[in-house]
Amino acid sequence: MPLPEILPFGLDAVLVRFEATMSDQANRAALGFAAHIRNSTLPFIEVSSTLASVTLRFDPLAVGLDEVTALLQKHLKTQDWGAVALPSGRKLWRVPTCYGGDHGPQLAEAAELAGLSTEAAIDALGLSRVRVLTIGFAPGLPYLGTLPPEWNIPRQTALTPKVPAGALVVAIRQFVVFANASPTGWRWIGQTALPLFDSTRSPASLFSPADEVIFTPVSETEFATARTAPFGGATWEDVE
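If you want the numbering used here, it's the position in the sequence shown, counting the first as 1, plus 67.
Don't read these hints as lab results, they were simulated from the structure.
Be careful, since some hints might not be right.
Computed beta-carbon distance windows for the label pairs [said to hold, decoys possible]:
1. ALA248 x LEU194: 23 to 33 Å
2. GLY168 x GLY77: 43 to 53 Å
3. ALA175 x ASP126: 48 to 58 Å
Computed from a prediction, not measured in an experiment: that's the story for all the values here.
Even glycine gets a Cβ: it sits at the ideal position worked out from N, Cα and C.
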């Protein structure tokens, strides 16, 4: 892929932007390059990947913007970052999810926009293995994708005033799971019991960028059991 832009980001950071909009290639590049920088000796004190970019903070009293830019240009030229393997240490999570009804009141609407019946939508979504593209908007909150093309449904034109913590919402070929009760413009289709963020836990975020997740459909009875289980009933295994 073409070399990304390196842009000043305030007084003590730079933004390495692989593409202006999210794509699978740009997200892989952001995840891979962020992992590379974290494992290097380059003078950055914070590294954070987003959907299609990486933000890198440095100490401006120790190193200048020109030097930082030159170092990044050198490392960016070493390989095609859009073709690198995803970082090691990833997990595959299986998350009990109650779709529709009071736990996902906009499922039928979302399914219709995708051209599917409600039952077919649950089957399709429940089989989708998605990647944590980034953590953002709120502590521990994951954006996950990408879903098949039929799920390129728009956001709502108005906000839903509040969905509960653990709500699974969908739009633009992505899932979001809310760490806390929140307003949203995405359609609420299901409910999990995931404890996505806990400041007393290390790491505090349950998911990490590049983890993979399957939101497995369960009945209301099974979901009630999951609510009382560790990690909301979610299980995980290592991914090579």
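Item to check | Unsatisfied constraints (hint numbers, rising) | outcome: The structure conflicts with no hint, since it agrees with every one listed earlier.
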